[in-house]
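Novice: From first to last, the protein sequence lines stand for chains A and B.
All letters in the first sequence, in the order written, are residues 0 to 256 by numbering that gives the first Met the number 0.
All letters in the second sequence, in the order written, are residues 0 to 255 by numbering that gives the first Met the number 0.
For the record, the hints were derived by calculation from the structure and aren't laboratory data.
These numbers come from a predicted model, not from an experiment.
One should not assume that every hint holds.
Keeping only pairs whose Cα atoms sit at most 30 Å apart, straight-line, the calculated DSSO-like set for lysine-lysine is [said to hold, decoys possible]:
#	chain 1	residue 1	chain 2	residue 2
1	A	19	B	33
2	A	99	B	18
3	B	21	A	174
4	B	201	A	6
5	B	33	B	215
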Amino acid sequence: MSGTIWKGYIHFKDTAVPVKLHAAVKEERIQFHLLHRRDHVRLHQQMICAYEKIPVPPEAQAKGFEVEEGKYIIVDPEELEQTTPESSRMIAVHEFVKTKQIDPIFLDRVYYLEPDTDLHTEGYNELVGALQELAVEGICTWTMRKRSYIGALQASGRILRLNTLRYADEVISVKSLELQEIPVSERELKIGCDLINQLTAPFQPQKFENEHQKRLQKLIDKKARGEKVVLLRPRLLQPTASDKLLQALEASLKKAA
Amino acid sequence: MWSGTISFSLVAIPVQLVKAVKPGRISFRTLHSKDYSPLARRMFCPKQEKIVPPDEIVRGYEIGPDRYIPITDEELESVSPERSRTIEIVEFIDMKEVDPIYYDHPYYLVPLKGGEKAYRLLAEVLRRTNRAGLARFVLAEREYLVAVKSTEGALTLITLHYSEEVLTADGIAPKEGKVAAKEIKRMEKSIKSMMAGFDPGKYADERREKVMNLLKHKMKEQALVEAPAVEEEEGEGPPDLVAALEKIMHDVKKSR
Chain A
0 MSGTIWKGYI HFKDTAVPVK LHAAVKEERI QFHLLHRRDH VRLHQQMICA
50 YEKIPVPPEA QAKGFEVEEG KYIIVDPEEL EQTTPESSRM IAVHEFVKTK
100 QIDPIFLDRV YYLEPDTDLH TEGYNELVGA LQELAVEGIC TWTMRKRSYI
150 GALQASGRIL RLNTLRYADE VISVKSLELQ EIPVSERELK IGCDLINQLT
200 APFQPQKFEN EHQKRLQKLI DKKARGEKVV LLRPRLLQPT ASDKLLQALE
250 ASLKKAA
Chain B
0 MWSGTISFSL VAIPVQLVKA VKPGRISFRT LHSKDYSPLA RRMFCPKQEK
50 IVPPDEIVRG YEIGPDRYIP ITDEELESVS PERSRTIEIV EFIDMKEVDP
100 IYYDHPYYLV PLKGGEKAYR LLAEVLRRTN RAGLARFVLA EREYLVAVKS
150 TEGALTLITL HYSEEVLTAD GIAPKEGKVA AKEIKRMEKS IKSMMAGFDP
200 GKYADERREK VMNLLKHKMK EQALVEAPAV EEEEGEGPPD LVAALEKIMH
250 DVKKSR
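This is chain B alone, in the form it adopts within the complex (with noise of 0.2 Å):
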């Protein structure tokens, strides 16, 4: 993933973009009915009907049927390249500030060597002063406007949508009519007798608890399937496969 510098002021830190977040759902594999071998998603050339490496892979911008402006990793680098290896915070935040819908996607920032102490220093201060630094930059050909704050001692990066993405209510909010205070009275009876502290835990996928049961069953009466080796593989042990899905099933119940 991106590595680069993450800048404050006068300050400099190298840090590296990680995951925040990863599928959570049970993935499956597509394979080859015929062999059982997993399948890759490959670009594929429709002329020579060949695979293209990506090397040989090139962007492109549509101007009519069939024909681009092909665009080079250099020169997509090139349109903004202040901002392409630097996270520049440009100011600070208060995060209460900023309305969720906003938000988009969040990664960490973990420092890289040498970065161990400012990037240490930022996140405290962060956590101090429960503010978040506000920075663009640009991965490939997306240009970003990022909150930088602090999580638990990590640096976390949250993207943010332009505000000219974010739509307007309009026409959402009914007439101004009555409002039976009443109603609202018994409303907030009931939401006073269902507070509670916010614990994402409690909810598990519905589906996934499924997906596990249905996997269980099978195993006990459908033998599994192999797919051919593609390099040399040592040979393993027999396996005992109810435990080995029992201990997937473990891992995934413990992660919750």
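One chain only, chain A, in its complex shape (with noise of 0.2 Å):
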């Protein structure tokens, strides 16, 4: 478990749930530096100014905002500290929804809730309980690090989570990616289906290491030691032709059976 990250209170008519915020994940991976190759000295990255191409201080900064290319309204930094949300302690939760209806492209970042003992632990156990009960969760809103955040409290086991989402103007419509209509026969997709259906196997996430960090990680003590390593060219597929698809599927079939 880790350190809690910030402290506030479900609330939702009259209910009111302490709780205090973990972290659900954590990643841990290789880090890179980035050097100038010709003497591996380590570069830092610093705000350049376009026109005179200079590295420019913090002091000779300013903020602006883009009206048109190349014209700013300049915007003062206490100006725009006005505009961060008033710190609340409240999740309030606004509505409730049927589970798994919310579109993975929305779901962002889990946060464990553990009750905030401090106070009492009183409707923590109601609260998983009624969640479970009726498979819903619920759609609340709060502010945490000057920033409000749009979530999904959901009970899982006999905890709960808070699930951060996404602003619906910050997910890409499917529609301005303009894919184009293209007819597939009945056959294709009769085959398609039963060769999924073939392949198809419980999600097991622990079956997946991360096998690549540990030969990266390989690779260094390699050349660490100052060994001459070997390069692979990547493997390239050959894509599956219009026609020869419906082949393709067919042979993908006979395999998986």
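Using the hints, put the two standalone chains together into the complex.
Specialist: This is the structure we're talking about:
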């Protein structure tokens, strides 16, 4: 269990449940720095003036909103400060929706909620019970670290979780991809479905280890010892031609059976 | 962005990875307060005191103070050569079995020339079966476990956390105690009275609204500043600035 990130209370109607937020995911990966190729000096990020091509220190920087190309309204940091949402401890539940209804594209980060025992634990177990019983999650908003969040309050096993959601205008619509409608024959679809059914397995994430990370560490160790590294070329697959699709599906199905 | 092939069994589809999410918050440019020229983040060599172009940059793994092992792009690609250009679906899963705790970041896949039909087939078949393809692929120094699903005729690729990255919830749950059945009934009654369908468009970011109001206000009372042209640009007619801002606000509202 990781440390407490934030404290607040869940509120709807005459229910108030005090909780503490904990991270639910922790990523660990190999860190690289960026070096100058010729002498391996470590590089730093600098803010460079596009006009003068020189680094600009923070005290000579200003914030501007671009109204049209190259034209800005300058905004003072104090003015912007005033627009940050008022801090509050309330996770306000606005409505409840059936679980599994939210498209995964909206789902962002999950936090575990611990009952805030410094106050009182009544309500926590009951809320878990009610959410489980009705198979619903609560859509809520709150303010944390000067940002307004939208999230889904979920019950998982015996605990409550908060899954932050992306705002609707952060999600790019499928329409904007301008995909073409291409006819696919029922026969191709039928074989495709059969093939997928053949290749379906239960979701067991623990089956998948981050092998690449281990191999990358090996590569680094090898280079550290001064050993030569053999370069392998990426595998490239020949795309399946449209008129060979049915054939490829039939062969796949045969292989899978 | 990345392009390559997505494959399942003996079918290979050329695709490109594109963004599915963009920052919705109003973004400000950082400017040089002297000449209002925009600033850009660049890699800078402290020794030579100069900007270093991307082709002179190499990744380095730190093995001691100021000691690094350089790793080239070719070496990185060489670590998992079978996964750097191919998203190989190894099995299919029922999306309902995936705990949302595993979801990381969504992208769309779009077909490249010649892949349109097979792409359409995969998207439709995933929709009909309500399944997602599970695959691994490597981008730069990271390997991703991904789920490929169908969304309104498009293929969505969602990167997943590895199970070793998911923390346990041990110690989070309260001690088993009495659960007040009456209290559950009371909450259920409240919840039932608050049932709705999920409509993400309803929840605008409050801060964005406030920033927009601030900008609109400032537009009326403060002149715009202009950055010096870096390259020759053609002149434009006198702009109607309030109209320009209103258009931006309109666009922001419309996209909600």
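Novice: A separate judgement is required for each hint: does it hold in the structure or not?
Specialist: Cross-check of the supplied hints:
no. : hint         : result
1   : A:19 x B:33  : violated, 46 Å
2   : A:99 x B:18  : holds, 23 Å
3   : B:21 x A:174 : holds, 15 Å
4   : B:201 x A:6  : holds, 26 Å
5   : B:33 x B:215 : holds, 24 Å
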